[in-house]
Each structure stands twice: as structure tokens, then as C-alpha cells.
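Here is what each chain is made of, one letter per residue.
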Amino acid sequence: MAELLADLDRQFPGIRHRMIDEQDQIRPHMRIFVNGEQGFDLQQALASSDVVQIIQALSGG
Amino acid sequence: MVTAAKKVLLQVATRKGAWLFHGDAARRKWRVDGPHFLGHIIHHLMLDPRDGRTMLAAASTGHLGPTLFRSLDRGRKWQEVKQPPAFARVPEGEQGRVVNHSFWLTPGHASQSGVWYAGTSPHGLFRSDDGGESWEPLSGLNDNPQYREWMGGPQDGTPDGPKLHSIIVDPRDANHLYIGMSSGGVHESRDGGLNWTPLIDGLEVVEMFDASKVWFHDPHCIRICPSDPDRLYQQNHCGIYRLDRPSNCWTRIGRKMPKSVGDVGFPMVVHPRDADTAWVFPMDGSSVWPRVSVAGKPAAYVTRNGGKTWQRQDTGLPQAQAWWTVKRQAMTNDSRDPVGLYLGTTGGELWMSSNEGSRWSCIARHLPEIYAVQAALV
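Protein sequences appear in the order of chains A and B.
Throughout the first sequence, residue numbering follows the numbering used here, covering 1 to 61 in sequence.
Throughout the second sequence, residue numbering follows the numbering used here, covering 62 to 439 in sequence.
None of these hints come from the bench; they were simulated from the model.
Treat the hints loosely; a few may be bogus.
Said to hold, decoys possible - What follows is a set of in silico ranges between Cβ atoms, one per label pair, in the way DEER data are often shown:
{"id": "1", "chain 1": "B", "residue 1": "P152", "chain 2": "A", "residue 2": "S49", "range": "33 to 39 Å"}
{"id": "2", "chain 1": "A", "residue 1": "V51", "chain 2": "B", "residue 2": "E268", "range": "55 to 61 Å"}
{"id": "3", "chain 1": "A", "residue 1": "F12", "chain 2": "B", "residue 2": "P220", "range": "30 to 36 Å"}
{"id": "4", "chain 1": "A", "residue 1": "S49", "chain 2": "B", "residue 2": "D252", "range": "43 to 49 Å"}
{"id": "5", "chain 1": "A", "residue 1": "Q25", "chain 2": "B", "residue 2": "E210", "range": "20 to 26 Å"}
{"id": "6", "chain 1": "B", "residue 1": "D204", "chain 2": "A", "residue 2": "L4", "range": "29 to 35 Å"}
{"id": "7", "chain 1": "B", "residue 1": "A356", "chain 2": "A", "residue 2": "V52", "range": "55 to 61 Å"}
{"id": "8", "chain 1": "B", "residue 1": "V439", "chain 2": "A", "residue 2": "Q25", "range": "39 to 45 Å"}
{"id": "9", "chain 1": "A", "residue 1": "V52", "chain 2": "B", "residue 2": "K90", "range": "24 to 30 Å"}
{"id": "10", "chain 1": "A", "residue 1": "G60", "chain 2": "B", "residue 2": "K90", "range": "32 to 38 Å"}
As the list claims (entries may be wrong) - The following residues of chain B were derived to be distant from chain A, with all beta-carbon distances above 10 Å:
{"id": "11", "residue": "V93"}
{"id": "12", "residue": "T128"}
{"id": "13", "residue": "E141"}
{"id": "14", "residue": "R150"}
{"id": "15", "residue": "R158"}
{"id": "16", "residue": "P290"}
{"id": "17", "residue": "D375"}
{"id": "18", "residue": "H427"}
Because the structure is a prediction, the values reported are computed rather than measured.
Cβ coordinates follow ideal geometry from the N, Cα and C atoms, glycine included.
Construct all of the structure, not just a fragment, from the sequences and the given hints.
If you want it as C-alpha cells, here you go:
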């Protein structure tokens, strides 16, 4: 997962910091799903066939 | 220096985006440019007076982490900066801090092009040496154990987080800095931010609390006088103050405000050429602290003698049933002669006076909640 996020940041500079804070925690309102299962561990191993979804939960007025 | 020929650019930061207002030479007509970053929370928007074209915007949203945007052409095109303010990462198992948003932006000293300072929520002070592209924490403050204690925790700050604000660079000395922390007091550094000293003598705190405890102090807005940098003014949670260096003791000049109005408020504005002249915009601090214009009648108050006396300035403003709140960054001035004053309300109205507060007029209505207003001559 960490490598996937690093690769995303290479393609879209700055995107990781807006999803993951400086203490390597997933920010509030950000959710990461692997094959439909929610995960919070950035060290989680991924297989090449895994589907990763990064969801922003909007709330408030 | 009087720069009457220049036009005013107003930079308006709101809870839902940023707007720029370009004034004509007479400051009567305003051309609106915006929204920029619609949907982003823009906490502060600041043009660099040293080059007249670099502009920074402190931004966050409800779901994405905080960032800064930078423009090199005075707000026409924007790019996200490479490395926004972020606290140092701590070893695994320790509790590290996370920047929720950058709240305050201050360009560095005139002799240090490219240097900027940012104050964050929670309390953090950051410096950029490359025009805002990348930022480093000033650990002399951020990681100082004594200061961490004074900064308190999430329970001690303003409703949307404790804020480090009012970053002031002495125009005579790039290493002489002031900051305010809400809550956490006023502080001074004489070595560019490596070491800091509290500057709270004479300041009052909420009744029954101990004024010798730094963490009880809540400066709302501190300003240095450009014409006399030994003089500072402050709107505090507990009154309006003046400080004349080298003294370390603030004087509560708000005691001379009308008793029926009081001396509670958020912004403080100083005259660019007359250190005896300053403005406040009082808020109701009675009972449960409504923090709206007293009696629903908005008014600025000006002193022209360093706080010995104050005069009400409400000509042109609504005379009844106007329950305005004006936040600490939402009142400012230009440096023309006569001085222009500008303020934004949490109800999304933008007002100005082109004659130092004698008469007010409305520039815009129906904007989102206004957080900050800055005026620049361009």
C-alpha cells in the first residue's frame, strides 16, 4: 500500500499529503478499501490483481 | 511613503473560496474576480509586497489535508506548492502532531526575498526560503517542551482549533519576530525564531484565572506600527492594549472605550504613518459572549492619541439589527492617503472606508463567511 501511494504521489505530486498526514496516518474522512474491505494499514501487502479504492467522505454544510 | 497613485487589490479569503477585488483609482468601483478555489476553505490570502506578484493562499477542505497554493502572477494562475507546512514525523509509538490547516501567512523581511512565515492550527510556526514552495518547521518553538505545555491541547484553543497568528517581522531587524497564540500568549524572538520569550506582562486574563500562567493568555490580533516599530497594539480576548518598547509591559488602553461597548473584539488595525492612530471593531463580550456587534449596531472605533480617547465611526454602516462578527484577519487597511479601511463579515459582506473610517460603504454582499481581508497597492 505504501508503494502504491508513493507511486500515486509521483504521478500527482502532493496527493499523498492530502490523504495521509505527516505522521503516516490516514486523514479523517479518507477511507481506503482493498477488494471492498476497509483497511488502515499502510504496510498492507497488495497483490497485482487487488482493487484499491480511495474514497473521500464528504460531510458538513 | 504616500503612494496615492496606486490601486488597491483586496484579497478576500472565505470558508468556500477566495475572491479578488480590484479597485479603481478613486477606490469607488470594484471589479470582482472569483471565485478561486471554490469549495476550499481559504484561511488567508497574501500578496508578497516585495515583488508585487507572488501570492500565497492557505487552503484546506473538509476532507482533504491542508495545503498552500501559489501564484506568480498576482492571482491569475495558481499551483499547489510542493511541500506545505507539516510537523516533523515522530518515531513509531510516539504521539506526533498534525497540521490541520495553515492559518496565518506573513512575508519575511524586505531584505530576505523568498522568505515567508506560516502559523498553523494546532500551534506551529513554519518558514519557507523559496517563496512558499517548501516549508520547514521552526523547532525552537514547535518542539520546545516549555512551549508545548503553553500551547495546550485540542481542548484549549478556539472552536476550530488553536491558532498561531500575528507573525510580525520587525522592519528594522529580520531576526526580531513576534507571534501570538490563541491561547498561549504573545512571544518574541531576537534570533530569527531559534529562541523565544513570553511577552505577557500587563495583559489580563479571564477573571479568577492566574495571569502569570502563559497558557491563559489569548491575544486575538497583534500589529506593529510601520512608522514606529517600537510600538505594538493588540486586541486581546481581555481588552485592547498598547506596548512601547523597550518596555515589556502592555497598557490596557481599552479601559478608555465606552463602558456600554467594552473592549472585546478580534481585529486590530494600525495607521501606516501615524503610530498614535489605530482602529478596532468591538464585539459584544457580555453574558455568554455573543461576539457580534454591540446592540446590533456595527461600528469601528478609532484612537488618534495612542488610546487615551476613542471615537465611534459608524456613518454609512447599518444603524440597527445588524449582528455582525468580524474575525481577526478580516479588517485591514491600505497605505494610501487618506488611509482606506476594509472589513469582511461572517455574513459575507465586504465594507470599506476611503477616509479613515469617517464614512463606510458596502463593496459586496452574499459572499461566503469571510475569514480574512488583505489590501495591497498594485
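Against the structure, the hints come out as follows:
In this structure the hint that B/P152 and A/S49 lie 33 to 39 Å apart at CB holds, the actual value being about 35 Å. For A/V51 and B/E268, the hinted distance range of 55 to 61 Å is satisfied, since their beta carbons lie about 60 Å from each other. Range check, A/F12 to B/P220: about 33 Å between beta-carbon atoms, so the 30 to 36 Å window is met. Range check, A/S49 to B/D252: about 57 Å between beta-carbon atoms, so the 43 to 49 Å window is missed.
Between A/Q25 and B/E210 the CB atoms are about 24 Å apart, so this pair conforms to the stated range of 20 to 26 Å. Under the hint 29 to 35 Å, the C-beta atoms of B/D204 and A/L4, about 32 Å apart, fit the expected range. One distance hint, 55 to 61 Å for the beta-carbon pair B/A356 and A/V52, holds here, with the actual separation near 57 Å. The hinted window of 39 to 45 Å between B/V439 and A/Q25 holds, with their beta carbons roughly 42 Å apart.
Taking 24 to 30 Å as the suggested C-beta distance range, the pair A/V52 and B/K90 does not conform, at roughly 53 Å. Remark: the range hint 32 to 38 Å for A/G60 to B/K90 is upheld by a beta-carbon distance near 36 Å. Against the 10 Å criterion, B/V93 stays outside the reach of chain A, whose nearest CB is about 24 Å from its own CB. Listed as outside the interface, B/T128 is inconsistent with that label: its C-beta sits roughly 6 Å from the nearest C-beta of chain A, within the 10 Å cut-off.
The beta carbon of B/E141 is not kept farther than 10 Å from every beta carbon of chain A, the shortest such distance being approximately 5 Å. Look at B/R150: its CB is around 6 Å from the nearest CB on chain A, not clear of 10 Å, so calling it non-interface is violated. Not every CB of chain A lies more than 10 Å from the CB of B/R158, the least distance being 8 Å, so the non-interface label is violated. Consistency note on B/P290: stated as away from chain A, and its beta-carbon is indeed over 10 Å from all of that chain's, at 35 Å minimum.
Distance check for B/D375 against chain A: the nearest CB is about 32 Å away, which clears 10 Å, and the non-interface claim stands. The claim that B/H427 is not at the interface with chain A holds, since no C-beta of that chain comes within 10 Å of its own (minimum 16 Å).
Comparing the model with each earlier hint shows violations of hints 4, 9, 12, 13, 14, 15; every other hint is respected.
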